[in-house]
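Q: In case you want the letters, here they are:
There are 2 protein chains.
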Amino acid sequence: MKKLINDPATVVTDALVGVEAAHPDLRVDHEHKVVYRADAPVRGKVGLISGGGSGHEPLHGGFVGLGMLDAACPGEVFTSPTPDQMLNATTTVDSGAGVLHIVKNYTGDVMNFEMAAEMAAEAGAKVESVVTNDDVAVEDSTYTAGRRGVGVTVLVEKICGAGAETGRDLAAVAALGRKVNAWGRSMGMALTSCTVPAAGKPTFELTETEMEIGIGIHGEPGRYREPLGPAAAVAERLVDPIVQDLPYRAGDAVLAFVNGMGGTPLVELYVVFAEVKRILDGHGIAIARSLVGPYITSLEMAGCSITLLKLDDELTTLWDAPVKTPALRWGV
Amino acid sequence: MKKLINDPATVVTDALVGVEAAHPDLRVDHEHKVVYRADAPVRGKVGLISGGGSGHEPLHGGFVGLGMLDAACPGEVFTSPTPDQMLNATTTVDSGAGVLHIVKNYTGDVMNFEMAAEMAAEAGAKVESVVTNDDVAVEDSTYTAGRRGVGVTVLVEKICGAGAETGRDLAAVAALGRKVNAWGRSMGMALTSCTVPAAGKPTFELTETEMEIGIGIHGEPGRYREPLGPAAAVAERLVDPIVQDLPYRAGDAVLAFVNGMGGTPLVELYVVFAEVKRILDGHGIAIARSLVGPYITSLEMAGCSITLLKLDDELTTLWDAPVKTPALRWGV
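Protein sequence lines correspond, in order, to chains A and B. Just so you know, we're using the working numbering here: the first sequence kicks off at 1 and counts up by one. Just so you know, we're using the working numbering here: the second sequence kicks off at 1001 and counts up by one.
None of the hints are false.
Simulated pairs of lysine-lysine, DSBU-like, Cα-Cα distance not exceeding 35 Å:
| hint | chain 1 | residue 1 | chain 2 | residue 2 |
| --- | --- | --- | --- | --- |
| 1 | A | K324 | B | K1310 |
| 2 | B | K1126 | B | K1310 |
| 3 | B | K1201 | A | K201 |
| 4 | B | K1002 | A | K2 |
| 5 | A | K310 | A | K179 |
| 6 | B | K1324 | A | K179 |
| 7 | A | K201 | B | K1002 |
| 8 | A | K201 | A | K2 |
| 9 | B | K1324 | A | K324 |
Note that these hints are calculated values from the structure, not bench results.
Isolated chain A (complex conformation) (with noise of 0.2 Å):
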C-alpha cells in the first residue's frame, strides 16, 4: 500500500486538521469530526448538512460554503459517521429555519442519518431529509437496499444550496432536493480498484484486461466485467442506461457531469465528455450545463461515473447561483 498518510488509523482526523489549515471559510469541530461554514448557523437560512464514508473527496467536505453546506460529515474511509456526529451538525447549523439532511442511499448512512433526525427533532429541530438513489446499475448492493446514491448527490447539495440560500423554507429546500434526485441518474465504472487504508490491501481485483461497468464508489460489484474497450464503448455502456431509465427524451436540457474516480487523469475525462456528447446529440438531447472532474471519487480507484440530470429553469437559475466552497466556486 503506498499512500501519503502518517498512520491508517488517523487518515481522516489528519486530514481534517489539513482542511482547516488551508480554508479559512471553514471551520473543523475536530471532536466530534464535522466541518463546517465558519459562520453557521446562517441567520434565518434552512440549514444543509450532509456527510459518509471518507475517501470520496471533496465530497461532502469540500462543498461546505456559501451556496451549498452548512456542514459535512466524514465518517472513517468508506464507513458511516456516526449519528453522535450528525446530530452535532444538526444542531450547530440550524439558526431556527431548520436543517435538511441529504443522505446517499446506504444502509449505515441511511439509518445514522434517521437516528440523529430523531434526536434533533426530540431537541426541538424541525429536519427533513432526503435521500439520493440515482445509480441505474443495479437494484440492491453490497451496503444498499434499492439503488445506490451516487453523483447527483453532487448537485442536489449546490442546488439545495442555492434555494436555502435564496430563503426557501425547509419543506421547499427538501422538495427541490427530491425533484433533483428525481431528475437525475447515474452509473459508473472502474479500471481498477482502491487501496482502504485501514484494510492494506485492494478491495477487489481486475485483470490488467478487464473493467467493470456499473461499479459503486465503495468497490461494491457492478452489472458485469467485460475486456477494456475504448472510450467510446464505455460512454456507451453508461449513457444507454441512463437516458433509458428516467426516461430522457430528444428536446431534453440536461447538465452532463462527467466524474473522474480518482485516479484517472482528466485529460481521460475529457475524452470520455466528447463521446458523451455525440452519444446525446444522437438522442437530440442538449447539453446545457456540464461538470468535469473528481468531485465523487473512491481514493485512487481509476474509472468514471456520468451523471446526467434534466435541467428546467429552476434548476438552471440554482445551478449558476454563486457557491463558495473549496471544490465548487463560482460568482463570488
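Start from chain A and add chain B according to the hints.
A: Quick look at chain B alone, frame taken from chain A:
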C-alpha cells in the same frame, strides 16, 4: 495499460473535442490544436499564452479564460507543442498590446517558444517570454538545462492574468511573471510511475516500498529514492529544501500550494497540507493563501509536489482577483 481512451494516437485531439463541448467560454482550433478564450483577442489587453506537453491537465488548457490565459497550446502527451501552434495562438490573441509567452523550462518548450516568438516578431507582434524554473530538486535534468519549471507556472499564469486584466502593459506583465517565478519554489515526489499512452508501459519503475524524492513531472529522476515514509517525513523532504533555497524567513507570508500528481486522492493531499502547515509554523512562516488539488499533474502518477510563493500586497491582490477558467474560478 488501462486508460479511458479510444486510441493512443488520438488522446489529445479527442480530449480537445470534450473540452470544447464542456466549456462554452472556450473555443478550440482543432486544426492547430489551440484552446482559446472565446472572446480573444480582448481589446487593449496583453495576451497571455502558455503550452507544453499534454498529460499535466488541467495545466494549461484548464487555465484559459478571463483573468488567466488567452490561449493554451497542448502538445502530444509529454511532448512540446510546435512553433506553428504557438505562432497561431500568438497572432490570434494579440490585440495590439503584445503577447506574453509563459514557458516551463524544458528544452523543447523553450526552443519552440523562442522560434514562435521570432516568427511572431517578424510578423509585427510584440512578444515577451517568462520562463519558469522553480523546481529546487535538481540543477539539470533529462529534458532540461537548469532547473525545471513546475508548480509556480500555475501561479504565474493566474497572477500575470490578473495583471493583464487590470491593464498593465506587456513589460509590466512580464516583470510580474518574473517576480512570481523568482519568489516561488517547488519540489515534488512520486509513489508510482505513470504510463504515456503512446508508450504503453510505465515510464519508470518504483518498488512497492520505495518513493522518489525530487521527481520531475515527466518522471525525470529526482534527488534520491528511499523507503516510503509517513506523510510527515515526505513533507519535510520537500519543504526543507524549498524554504532554504529562496530562502523564506520568519515573518514571511506565503501561498502554500499542495499539488496532486494525478493518482493521489485529495484526502491524502490534505494530510500533506497539515504537515506543511506544521513545518512552516516551526519556521514562523504564515500561510496567507492556499491551493490544494491536482493542478499540474503527471497523468495518473501517485505523489505530490509542494510550491511556496512568498506574497506581498501586490501578489496577494492579483491572486485574489476574479478568474473564470475550467480549473480555477472565483469572483465571477
